[in-house]
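Chain A is already provided as a structure; the job is to place chain B on it using the hints.
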Amino acid sequence: MPTIDISLKDLSKLIGKEITRENLEAEALLWVKGEIDGEEGDLLKIDCKESNRPDLWSTEGMARALAPFYTKERGIRKYTSEFSDLYIHVDRSVDEVRPFITAAVISDITITEELLKQLIQLQEKVSMTFGRKRKTVGLGIYDYDKISAPLTYKACKPTEIKYVPLGCTKEMTLKEVLEKHPKGIEYAHLLKGYERYPVIIDKNNVVASMPPITNSETTGKVTEKTKNLFLEVTGTNLEDCKVALNVMACALADRGGKIHSVTIDYGKQKIVTPDFTPKKIKVKFEDIEKITGLKLTLKELKELLERFCYDVKKAKDRIEVEYPSFRQDILHPVDVIEDILISYGFNTIKPIIPDISTRGELLESELFCESLRNVLPGFGAQELLNFTLTNKEVLFKKMNSKEENCVEIANPVSSKWSCIRNTILPSLMEFFENNQTQEYPQQIYELGECVIIDEKAETRTQTIKHLAWALAEKEANFTKAKQILEYILKGLNMEYEIEAEEHESFISGRCAGVSIKGTKIAFVGEIHPQVLKNFSLEFPVCAFELNVSEIYKLKE
Amino acid sequence: MQDIIQGLHPLERKIIPFLKNTMLFQELLEQTKMQEAEVMRALQWMENKELLKIKTETKETITFGDLGKKYSREGLPERRLLEQLKKKTLTIQEIKLEDAEKNIAIGELKKKAAISLGKEIEITEQGKKLLEKEFPEEKFLKSLPKEPKSLSEEEKRTFESLKKRKDIIQINIEKTRTITLTELGKKLLKEKIDVNLLETLSHDLLKTGKWQGKKFRKYDVKINVPKIYGGRRQPYMEFLNKIKVQLVQLGFKEMSGPLIETEFYNFDVLFQPQDHPARTWTDTYHLKYPTQGKLPNDLVVNRVKNVHQDGGRTGSTGWGYKWDPKIAMQLMPRAHATAVSARQMVKGIENPCKYFTISRVYRPDVLDATHLIEFNQLDGFVTDKSISFRTLLGMLKLFAIEIAGAEEVKFFADYYPFTEPSVQISAKHPQLGWVELGGAGIFRPEITETLNIETPVMAWGLGIDRLAMFKLGIKDIRYLFSQDLKWLREPRIV
Chain A
1 MPTIDISLKD LSKLIGKEIT RENLEAEALL WVKGEIDGEE GDLLKIDCKE
51 SNRPDLWSTE GMARALAPFY TKERGIRKYT SEFSDLYIHV DRSVDEVRPF
101 ITAAVISDIT ITEELLKQLI QLQEKVSMTF GRKRKTVGLG IYDYDKISAP
151 LTYKACKPTE IKYVPLGCTK EMTLKEVLEK HPKGIEYAHL LKGYERYPVI
201 IDKNNVVASM PPITNSETTG KVTEKTKNLF LEVTGTNLED CKVALNVMAC
251 ALADRGGKIH SVTIDYGKQK IVTPDFTPKK IKVKFEDIEK ITGLKLTLKE
301 LKELLERFCY DVKKAKDRIE VEYPSFRQDI LHPVDVIEDI LISYGFNTIK
351 PIIPDISTRG ELLESELFCE SLRNVLPGFG AQELLNFTLT NKEVLFKKMN
401 SKEENCVEIA NPVSSKWSCI RNTILPSLME FFENNQTQEY PQQIYELGEC
451 VIIDEKAETR TQTIKHLAWA LAEKEANFTK AKQILEYILK GLNMEYEIEA
501 EEHESFISGR CAGVSIKGTK IAFVGEIHPQ VLKNFSLEFP VCAFELNVSE
551 IYKLKE
Chain B
1 MQDIIQGLHP LERKIIPFLK NTMLFQELLE QTKMQEAEVM RALQWMENKE
51 LLKIKTETKE TITFGDLGKK YSREGLPERR LLEQLKKKTL TIQEIKLEDA
101 EKNIAIGELK KKAAISLGKE IEITEQGKKL LEKEFPEEKF LKSLPKEPKS
151 LSEEEKRTFE SLKKRKDIIQ INIEKTRTIT LTELGKKLLK EKIDVNLLET
201 LSHDLLKTGK WQGKKFRKYD VKINVPKIYG GRRQPYMEFL NKIKVQLVQL
251 GFKEMSGPLI ETEFYNFDVL FQPQDHPART WTDTYHLKYP TQGKLPNDLV
301 VNRVKNVHQD GGRTGSTGWG YKWDPKIAMQ LMPRAHATAV SARQMVKGIE
351 NPCKYFTISR VYRPDVLDAT HLIEFNQLDG FVTDKSISFR TLLGMLKLFA
401 IEIAGAEEVK FFADYYPFTE PSVQISAKHP QLGWVELGGA GIFRPEITET
451 LNIETPVMAW GLGIDRLAMF KLGIKDIRYL FSQDLKWLRE PRIV
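From first to last, the protein sequence lines are chains A and B. For the first sequence, the numbering used here gives the first residue as 1, with consecutive numbering after it. For the second sequence, the numbering used here gives the first residue as 1, with consecutive numbering after it.
Next up, chain A with everything else stripped away, as it sits in the complex:
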């Protein structure tokens, strides 16, 4: 969710009314799903939670959305573009790599430091969040007076053509830009695997830009001296390119710029951008009433919608609403209904406590786990809750056991948390290691989740519950562990068999396996001194671990 910097003074100027932090925070910000994240003098950091509305990610956009809240402005703000003869010819060679382009020219604009800051911020937020880090949408801003029209958007081989990228002095091939230019290095992955890279060239065959990487040093420098701007958006989806262009163009128009259109010639089809024709959607009255739970008259609805920058057209059993061309977040009538609710004010709605009669219950399997968990404190054991994330060192190496397949994280934050446990005993041993300065005896247990690999399962794994118990003290021995384990097993009222077992974590000859109906469900024993050494323990430990999920299955 983008965080944007907004100057209160600038915002007040754009709205035409004095705006303070207080009145912004009290209600207006709720309209744009904003939250103040920080303040520095006149500057507010606003966290914009609406991740599908790039039109809100600038002071201009916020001002536009909030104007009806503070002033008498209603409905869609009108934007027009003057027809210009600027032409972009799209060569089919871009189809494979980045097929779409939209563009506009902004004239008569006074570029101030504040405007430049906002412009760059908006460009950044739109291409990062809306454009998925330039993957689906990338934006370019140019000094229009340094471009020789008409332009061609085409794809060239990596070494076929050279230009001086922004911030550089020497000519580079496209390949070199990806290898050497900071933006080239950062975004090279977007062009990886393509035989040709997209470029915008002017009538003299000079490269103006290499979308979505960087434009040229000659055309791409915008300063306070620049008078006319050329905007270009390239991407993988035409609709997104149109939205991003309109967001930028409208913001500049709000600052007094005049918008001029550009004709994009796709060969078979010509389009003129930017296109500010409002979009339409129909919403049923019935649905509005059902979802909001409010009985609203048409007049009330009209006012609520117009205050949210909609135009309301027709009304029978449904209303037809128009909304600004730069909005891309309305997929379904419910999106309009939410806006009606926000416009109404969430905190003016009277909540109704739902009266739905259902029978509550806990999962049978959970109740079974709880019965087991409640047995052990009676023997003096302290319950633990450990992380399921761990690592192979703890799971296998320190436990002296052979490495088994377990769930491994591809992008762990730390190697300490790189696997998900398949047994609980290692968690208990680690706990002992962390608590050597505490008084002994230490008797602990945990009944919790583990994940084992199961190639046949839907998720190739099974989430199962285990119960592990361990005692560390001078006199910890097999008998003490077996006593408690057998108390539990007897309580289950199932027939079980105990047999000697070899387990690398336990002293040979002092470990037993327990099975029910031929299925192994538990093991118990004295921990091997090498394992104790691995966890730096100086007291013997006896322990058992029980597969609770398996027992539950067998019980049914």
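To be clear, the hints were calculated from the coordinates, so they are not data collected in a lab. Here the structure is a predicted model, which means the values were calculated and not measured. Watch out, some of these pointers could steer you wrong.
What the hints assert, rightly or not - One side only, chain B facing chain A, incomplete, derived with CB under 8 Å:
hint : residue
1    : GLY231
2    : GLN234
3    : MET237
4    : LEU247
5    : VAL248
6    : PRO258
7    : PRO277
8    : LYS294
9    : CYS353
10   : ASP365
11   : ALA369
12   : LYS410
13   : ALA413
Claimed, not checked - Derived lysine-lysine pairs resembling DSS-like cross-links, with alpha carbons at most 27 Å apart:
hint : chain 1 : residue 1 : chain 2 : residue 2
14   : B       : LYS139    : A       : LYS456
15   : B       : LYS326    : A       : LYS133
16   : A       : LYS302    : A       : LYS72
17   : A       : LYS316    : B       : LYS385
18   : B       : LYS326    : A       : LYS192
19   : A       : LYS125    : A       : LYS135
20   : B       : LYS55     : B       : LYS175
21   : A       : LYS474    : B       : LYS166
22   : A       : LYS302    : A       : LYS282
23   : B       : LYS163    : B       : LYS139
24   : B       : LYS385    : A       : LYS295
25   : A       : LYS302    : A       : LYS290
26   : A       : LYS456    : B       : LYS86
27   : B       : LYS87     : B       : LYS112
28   : A       : LYS350    : B       : LYS166
29   : B       : LYS322    : A       : LYS268
30   : B       : LYS86     : B       : LYS139
31   : B       : LYS142    : B       : LYS119
32   : A       : LYS270    : A       : LYS284
33   : A       : LYS480    : B       : LYS142
34   : B       : LYS192    : B       : LYS33
35   : B       : LYS186    : A       : LYS416
36   : B       : LYS385    : A       : LYS284
37   : B       : LYS322    : A       : LYS135
38   : B       : LYS428    : A       : LYS350
39   : A       : LYS133    : B       : LYS322
Heads up, the beta-carbon is just placed ideally off N, CA and C, and yes, glycines get one too.
Just chain B, lined up with the frame of chain A:
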């Protein structure tokens, strides 16, 4: 006085007849013929009752070590070497001394300039003179035992150099404890001490009834007893169990799901587009092994695919991209508990119904006092034909009052990819003040209609960890999964 007498421990009573106004501990020990520890314990108890005083003095004595005893019989190795050299010069191998002694003897004599070292070792004139006299070391050893305090300057030097050599001398520390009775103690000795007090109420006494008419020895009830720790449930687990009970009381049914999920349930069913930023590596964990799971039956998968691509039959435009089943098949540790709701809805639900889950979820974060890498989320959903945004707010308010003990609530517009309208709730807690309690909304029709659920579904998630931290009195969130036995053992009964 009677209280003191009746409170005397059998050990105290045993030593009393032997006590004198002033006596040495050793003396008492010999007379009572009891264990040293028993006598000491009894004396300490009596000292606590101000019946006597124990004064401890330590005395240091220098005595022979094992080698010192040997040398006082056989002579120091340096003297023996010098004797040998007086007869003839010797190579090191020819010296008749133990290997360990050779080096020391040579070293000592070298220091005294009594020998000269070449290929062979030779006695010097100085050495011959020395041999005739008694060495200071020999003189010192003869004079033992001695107290360190009484040493002359010269003796001190010899003492220091002998101390550096192994096992020649040692310092014995002797403790002398003197017992002196106080006035109260003297009085006690004059009293008649009843020996008929009962110590332990034994099985035998009860069986025979012999306890009747007898008195029990009085205990010092203020005495410190050894600490004991009871086994108990984990405090955060207890907190979660209470929440579960509250939800069951409100008519909610518990549900669960696997820790490792396909992206299908974690994202796709919930209408989160496949290129959504929340699905990237920085926001969620991905797996190295295993990587791909299976999708459910084609019917559900096709509907989900269509709704992503063009909205299917839900009246939505969809996201307008080509949906890829391979991405949906990717496995990941569950990133949010709503995945459990997604699974439950695909499996099938009754109508009306109320569900909840407390599920473990994973986020790539750095573990510190305010962030966990895995934690529990409380999530759920409700469906019924009566549901609207107003009932959603009503349910949230009910949660805030019942679960968080809130006095007031406030609602904020919010954005979640799977609900529309969406709302965030803040609750005013009597002690914590305004707390962000959770998020909720009505599942998008793209989700519910795709799964053939005809009534609106309210989905909610509550952040209960801050409440848990408050209830458990902790500032560090890691204590919810505490690795600190000391803290877990702390008695807390609420």
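Each hint tested on the structure:
1. Hint on GLY231 of chain B holds. Least Cβ distance to chain A is approximately 4 Å, under the 8 Å limit.
2. For GLN234 of chain B, the interface hint holds, the least distance from its beta-carbon to any beta-carbon of chain A being 4 Å, beneath 8 Å.
3. Hint on MET237 of chain B holds. Least Cβ distance to chain A is approximately 6 Å, under the 8 Å limit.
4. Because the closest C-beta pair between LEU247 of chain B and chain A is about 7 Å apart, less than 8 Å, the hint holds.
5. Hint status for VAL248 of chain B: holds, given a least beta-carbon distance of 4 Å to chain A, under 8 Å.
6. Evaluation of the PRO258 of chain B hint against chain A yields a held restraint, the C-beta minimum of about 4 Å falling below 8 Å.
7. Checking PRO277 of chain B against chain A: minimum C-beta separation of about 7 Å stays under 8 Å; hint holds.
8. Using the Cβ-Cβ criterion of 8 Å, the hint placing LYS294 of chain B at the interface with chain A is satisfied: the shortest such distance is roughly 5 Å.
9. Given the 8 Å rule on beta carbons, the hint for CYS353 of chain B holds: about 6 Å separates it from the nearest Cβ of chain A.
10. Because the smallest distance between the Cβ of ASP365 of chain B and any Cβ of chain A comes to about 7 Å, under 8 Å, the interface hint for this residue holds.
11. Here the hint on ALA369 of chain B is broken, as its CB sits about 16 Å from the closest CB of chain A, past 8 Å.
12. The criterion of a C-beta within 8 Å of any C-beta in chain A is met by LYS410 of chain B, whose closest approach is roughly 6 Å, and the hint holds.
13. Checking ALA413 of chain B against chain A: minimum C-beta separation of about 5 Å stays under 8 Å; hint holds.
14. At roughly 90 Å between alpha-carbon atoms, LYS139 of chain B and LYS456 of chain A are farther apart than 27 Å, so this suggested pair is violated.
15. Note on LYS326 of chain B and LYS133 of chain A: the hinted pairing holds, with a Cα-Cα distance of about 22 Å set against a maximum of 27 Å.
16. For the suggested pair LYS302 of chain A and LYS72 of chain A, the alpha carbons sit about 14 Å apart, so the restraint of at most 27 Å is met.
17. The suggested pairing of LYS316 of chain A with LYS385 of chain B holds, with an alpha-carbon distance near 25 Å, which does not exceed 27 Å.
18. Under the criterion of a C-alpha separation no larger than 27 Å, the hint pairing LYS326 of chain B with LYS192 of chain A is consistent with the structure, at around 21 Å.
19. About 13 Å separates the Cα atoms of LYS125 of chain A and LYS135 of chain A, which keeps this hinted pair within 27 Å; it holds.
20. Between the alpha carbons of LYS55 of chain B and LYS175 of chain B the distance comes to roughly 10 Å, so the proposed pair stays at or under 27 Å and holds.
21. Between the alpha carbons of LYS474 of chain A and LYS166 of chain B the distance comes to roughly 36 Å, so the proposed pair goes past 27 Å and is violated.
22. Distance hint between LYS302 of chain A and LYS282 of chain A is fulfilled; the C-alpha atoms sit about 14 Å from each other, no more than 27 Å.
23. Taken as a hint, the LYS163 of chain B and LYS139 of chain B pair is honoured in the structure, with Cα atoms around 15 Å apart against an allowance of 27 Å.
24. In summary, the hint linking LYS385 of chain B to LYS295 of chain A is supported, as the alpha carbons are separated by about 17 Å, within the 27 Å threshold.
25. The hinted pair formed by LYS302 of chain A and LYS290 of chain A meets the criterion: a straight-line CA distance of about 18 Å does not exceed 27 Å.
26. Distance hint between LYS456 of chain A and LYS86 of chain B is unfulfilled; the C-alpha atoms sit about 93 Å from each other, more than 27 Å.
27. At most 27 Å may separate the alpha-carbon atoms for a hinted pair to count; LYS87 of chain B and LYS112 of chain B meet this at roughly 19 Å.
28. Between LYS350 of chain A and LYS166 of chain B the CA atoms are separated by roughly 92 Å; this puts the pair beyond 27 Å, and the hint is violated.
29. Distance check on the hinted pair: LYS322 of chain B and LYS268 of chain A sit about 24 Å apart at the alpha-carbon level, within 27 Å; holds.
30. Between LYS86 of chain B and LYS139 of chain B, the direct Cα distance comes to roughly 22 Å. Compliance with the 27 Å bound is thereby established for this hinted pair.
31. Restraint check for LYS142 of chain B and LYS119 of chain B: the C-alpha separation of about 35 Å exceeds 27 Å, so the hint is violated.
32. Under the criterion of a C-alpha separation no larger than 27 Å, the hint pairing LYS270 of chain A with LYS284 of chain A is inconsistent with the structure, at around 36 Å.
33. For the given pair, LYS480 of chain A sits about 60 Å from LYS142 of chain B by alpha-carbon distance, which is inconsistent with the 27 Å threshold.
34. Taking the CA atoms of LYS192 of chain B and LYS33 of chain B, the gap is about 23 Å. The hint holds against a cut of 27 Å.
35. This hinted pair does not check out: LYS186 of chain B and LYS416 of chain A have alpha carbons roughly 68 Å apart, beyond 27 Å.
36. Between LYS385 of chain B and LYS284 of chain A the CA atoms are separated by roughly 17 Å; this keeps the pair inside 27 Å, and the hint holds.
37. Of the pairs offered as hints, the one joining LYS322 of chain B and LYS135 of chain A holds, with about 15 Å between alpha carbons and a cut-off of 27 Å not exceeded.
38. Restraint check for LYS428 of chain B and LYS350 of chain A: the C-alpha separation of about 18 Å stays at or below 27 Å, so the hint holds.
39. At roughly 19 Å between alpha-carbon atoms, LYS133 of chain A and LYS322 of chain B fall within 27 Å of each other, so this suggested pair holds.
Hint compliance for this structure: hints 11, 14, 21, 26, 28, 31, 32, 33, 35 are not met, and every other hint is.
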